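*Asks:* The residues making up each chain are set out below.
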Amino acid sequence: MFKVGITSLCLSVLLVTSINASTSGKLLLSGGVNQVEGSAGGGLTPWAFIGGYGTEDEIGANAFITNVKSSDYNMVSTGFVVGFYNRFEFSFAHQSFDTRDVGATLGLGQGYELKQNVFGAKVRLFGDGILEQGNLFPQISFGLQYKKHEQGRVVKSYGAKDDSGIDFYLNATKVILSESLLMNLTLRATKANQIGIMGFGGDRKNNYELMPEFSIGYLFTRKFIAGFEYRFKPNNLGVATEDDWLDVFGTYAFNKNFALTIAYAYLGNIVLKDKQSSLYTSLQVGF
Amino acid sequence: MFKKYTVCLLLLISCASTDKLSTYHDFGEKKGIEKVVDDLFVYLLKDERTKESFQRLNLDKTKEGLSNFICVTLEGPCKYEGQSMKRAHKGQEITERQFYGMVENMQKAMNKNNIPQRAQNKLLGKLAAMHKDIIGN
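Same order as they appear, the protein sequences are chains P and B.
Take 1 as the starting number for the first sequence in our numbering and just add one per residue.
Take 288 as the starting number for the second sequence in our numbering and just add one per residue.
Rather than coming from a laboratory, the hints here were simulated on the basis of the structure.
Be careful, since some hints might not be right.
[What the hints assert, rightly or not] Derived, one-sided and incomplete: chain P residues facing chain B with beta-carbon distance under 7 Å: (1) Gly25; (2) Leu27; (3) Thr55; (4) Glu56; (5) Gln133; (6) Gly134; (7) Leu177; (8) Ser178; (9) Leu181; (10) Thr221; (11) Arg222.
[Said to hold, decoys possible] Dumping the calculated DSSO-like pairs for lysine-lysine here, alpha-carbon to alpha-carbon at most 30 Å: (12) Lys377/B x Lys413/B; (13) Lys161/P x Lys307/B; (14) Lys318/B x Lys350/B; (15) Lys348/B x Lys317/B; (16) Lys395/B x Lys307/B; (17) Lys333/B x Lys322/B; (18) Lys69/P x Lys161/P; (19) Lys373/B x Lys348/B; (20) Lys307/B x Lys223/P; (21) Lys399/B x Lys223/P; (22) Lys333/B x Lys223/P; (23) Lys317/B x Lys223/P; (24) Lys399/B x Lys350/B; (25) Lys395/B x Lys348/B; (26) Lys318/B x Lys348/B; (27) Lys333/B x Lys395/B; (28) Lys348/B x Lys275/P; (29) Lys395/B x Lys223/P; (30) Lys348/B x Lys413/B; (31) Lys366/B x Lys317/B; (32) Lys223/P x Lys366/B; (33) Lys223/P x Lys318/B; (34) Lys338/B x Lys223/P; (35) Lys350/B x Lys223/P; (36) Lys373/B x Lys399/B; (37) Lys322/B x Lys338/B; (38) Lys373/B x Lys413/B; (39) Lys322/B x Lys348/B; (40) Lys350/B x Lys333/B.
Small disclaimer: the values here were computed from a predicted structure and weren't measured.
Note that the Cβ used here is the ideal one computed from N, Cα and C, for glycine as well.
Construct the complete structure from the given sequences, taking the supplied hints into account.
*Replies:* Right, dumping it as structure tokens:
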């Protein structure tokens, strides 16, 4: 999968260099980057911003490849987001979670990969979190992420109830330019275990729960933002406790075509392995 | 120990609430603003998104007006006697793309003049708040 990701990214780079001139009009980083499930946002959590650099008259798109390397696992997420008229966005992400040694311990095989696809959609309901200054009214968006696991039988054998699920979220994002601050609050209704990598619902709990997610960022320059995110997560499976996720991130936009995000993410316990500290790297290519 | 913290805290508070003119000073006062505006117009007239809107204008007068407008926006000791933003953009049907083009060129001009980031964002925040008077008017 990593190879496929690299290939598609190389293709994107070629494409970008050939259509460089037509890049859409929004300001640098104002479409966020692609969070781990593909939606425009930070690293772990979606923001209310619409992905890509399209203004109200334009279409914009970003492709991304993200690698999350923790002490005992490795996840690669690749995909894209397309934003229409700063109103709607559609996204796709393919996640491949390498179980490394844990796969062998569980009898799945060394380096067994759990895979899922995430189809996302988001609509901006009100406000403009960047243009509207001088008041604190945020940009509000509603979105969903339909997630379909590729190995339903495996995740069900560990207690998951479903191999697919839909997360619904509402978010409020605001940039306060006079303070160079970005703030985001997301409320997500979800049944996903480890964002879906371990299936949906479980033996311990099998109902939707409302999980908040927070991001705060400081705009050091128009090209560089750094901040902190916290994502609450449910705990549905009896076989393994699931912890909240948090990260400290920095994103540098070289230009509208390339942005690099590097983060330290703390993912807590993930099946058999506790205290997963991770290096999160993500490259975004914009059109 | 406690005293030390109190002093620090007081210092922080006094820094956070510095005089209203700090952004104006960060821009290098009226002279600094004029330099930013000079550079801004070099960029605006080269940019396909923005050049049409500015080509036809009397450049010296427009620059002077904008310098005064920015100066007043930053609460500096100037007088802006030009039209309101709404009046000035009426009938021009400025798009979001053009507006952002203006902002990007402004950022370029401010960077060229080494205006501190926080001061840049303070001004952009005030200008962005006027977007309804400028876009699609």
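*Asks:* Next, verify each hint and record whether it holds.
*Replies:* Going through the hints against the structure:
Nearest Cβ of chain B to the Cβ of Gly25/P: about 4 Å, under the 7 Å cut. The hint holds. A least Cβ separation of about 6 Å between Leu27/P and chain B falls short of the 7 Å threshold, and the interface hint therefore holds. Taken as an interface hint, Thr55/P checks out: its beta carbon lies about 4 Å from the nearest beta carbon of chain B, inside 7 Å. Below 7 Å, beta-carbon pairs count as interface contacts, and Glu56/P has one with chain B at about 5 Å; its hint therefore holds.
Taking 7 Å as the C-beta contact cut-off toward chain B, the hint placing Gln133/P at the interface holds, the least distance being around 4 Å. For Gly134/P, the interface hint holds, the least distance from its beta-carbon to any beta-carbon of chain B being 4 Å, beneath 7 Å. The beta carbon of Leu177/P comes within 3 Å of a beta carbon in chain B, closer than 7 Å, and the hint placing it at the interface holds. Among the interface hints, the one on Ser178/P holds; its C-beta lies about 4 Å from the nearest C-beta in chain B, closer than the 7 Å criterion.
With its C-beta approaching chain B no nearer than about 9 Å, Leu181/P sits outside the 7 Å limit, and its interface hint is violated. For Thr221/P, the suggested interface contact is upheld, since its CB lies about 5 Å from the closest CB of chain B, less than 7 Å. Nearest Cβ of chain B to the Cβ of Arg222/P: about 5 Å, under the 7 Å cut. The hint holds. Taking the CA atoms of Lys377/B and Lys413/B, the gap is about 20 Å. The hint holds against a cut of 30 Å.
With a CA separation close to 59 Å, the supplied pair Lys161/P and Lys307/B exceeds the 30 Å bound. At roughly 12 Å between alpha-carbon atoms, Lys318/B and Lys350/B fall within 30 Å of each other, so this suggested pair holds. As the CA atoms of Lys348/B and Lys317/B are separated by approximately 16 Å, the hinted pair is consistent with the 30 Å bound. The hinted pair formed by Lys395/B and Lys307/B meets the criterion: a straight-line CA distance of about 25 Å does not exceed 30 Å.
For the given pair, Lys333/B sits about 17 Å from Lys322/B by alpha-carbon distance, which is consistent with the 30 Å threshold. Our distance criterion of 30 Å between C-alpha atoms is met by Lys69/P and Lys161/P, whose separation comes to about 27 Å. As the CA atoms of Lys373/B and Lys348/B are separated by approximately 18 Å, the hinted pair is consistent with the 30 Å bound. At roughly 27 Å between alpha-carbon atoms, Lys307/B and Lys223/P fall within 30 Å of each other, so this suggested pair holds.
At roughly 15 Å between alpha-carbon atoms, Lys399/B and Lys223/P fall within 30 Å of each other, so this suggested pair holds. With a C-alpha separation of about 22 Å, the suggested pair Lys333/B and Lys223/P falls inside the 30 Å cut-off, and the hint holds. In summary, the hint linking Lys317/B to Lys223/P is supported, as the alpha carbons are separated by about 27 Å, within the 30 Å threshold. A hinted pair counts as satisfied when its Cα atoms are at most 30 Å apart, and Lys399/B with Lys350/B qualifies at roughly 17 Å.
At roughly 22 Å between alpha-carbon atoms, Lys395/B and Lys348/B fall within 30 Å of each other, so this suggested pair holds. With a C-alpha separation of about 16 Å, the suggested pairing of Lys318/B with Lys348/B holds against the 30 Å cut-off. With a C-alpha separation of about 13 Å, the suggested pair Lys333/B and Lys395/B falls inside the 30 Å cut-off, and the hint holds. For the given pair, Lys348/B sits about 64 Å from Lys275/P by alpha-carbon distance, which is inconsistent with the 30 Å threshold.
Distance check on the hinted pair: Lys395/B and Lys223/P sit about 12 Å apart at the alpha-carbon level, within 30 Å; holds. With a C-alpha separation of about 22 Å, the suggested pairing of Lys348/B with Lys413/B holds against the 30 Å cut-off. Distance hint between Lys366/B and Lys317/B is fulfilled; the C-alpha atoms sit about 11 Å from each other, no more than 30 Å. With a CA separation close to 34 Å, the supplied pair Lys223/P and Lys366/B exceeds the 30 Å bound.
This hinted pair checks out: Lys223/P and Lys318/B have alpha carbons roughly 27 Å apart, not beyond 30 Å. Note on Lys338/B and Lys223/P: the hinted pairing holds, with a Cα-Cα distance of about 24 Å set against a maximum of 30 Å. For a cut-off of 30 Å, the pair hint linking Lys350/B to Lys223/P stands: about 27 Å separates their Cα positions. Distance check on the hinted pair: Lys373/B and Lys399/B sit about 29 Å apart at the alpha-carbon level, within 30 Å; holds.
Straight-line distance between C-alpha atoms of Lys322/B and Lys338/B comes to about 19 Å, which keeps the hinted pair within the 30 Å bound. Taking the CA atoms of Lys373/B and Lys413/B, the gap is about 15 Å. The hint holds against a cut of 30 Å. Annotation: proposed proximity of Lys322/B to Lys348/B holds, straight-line Cα distance about 15 Å (limit 30 Å). Between Lys350/B and Lys333/B the alpha-carbon distance is near 16 Å, which keeps this suggested pair within the 30 Å criterion.
Hints 9, 13, 28, 32 from the earlier list are contradicted by this structure; the remaining hints agree with it.
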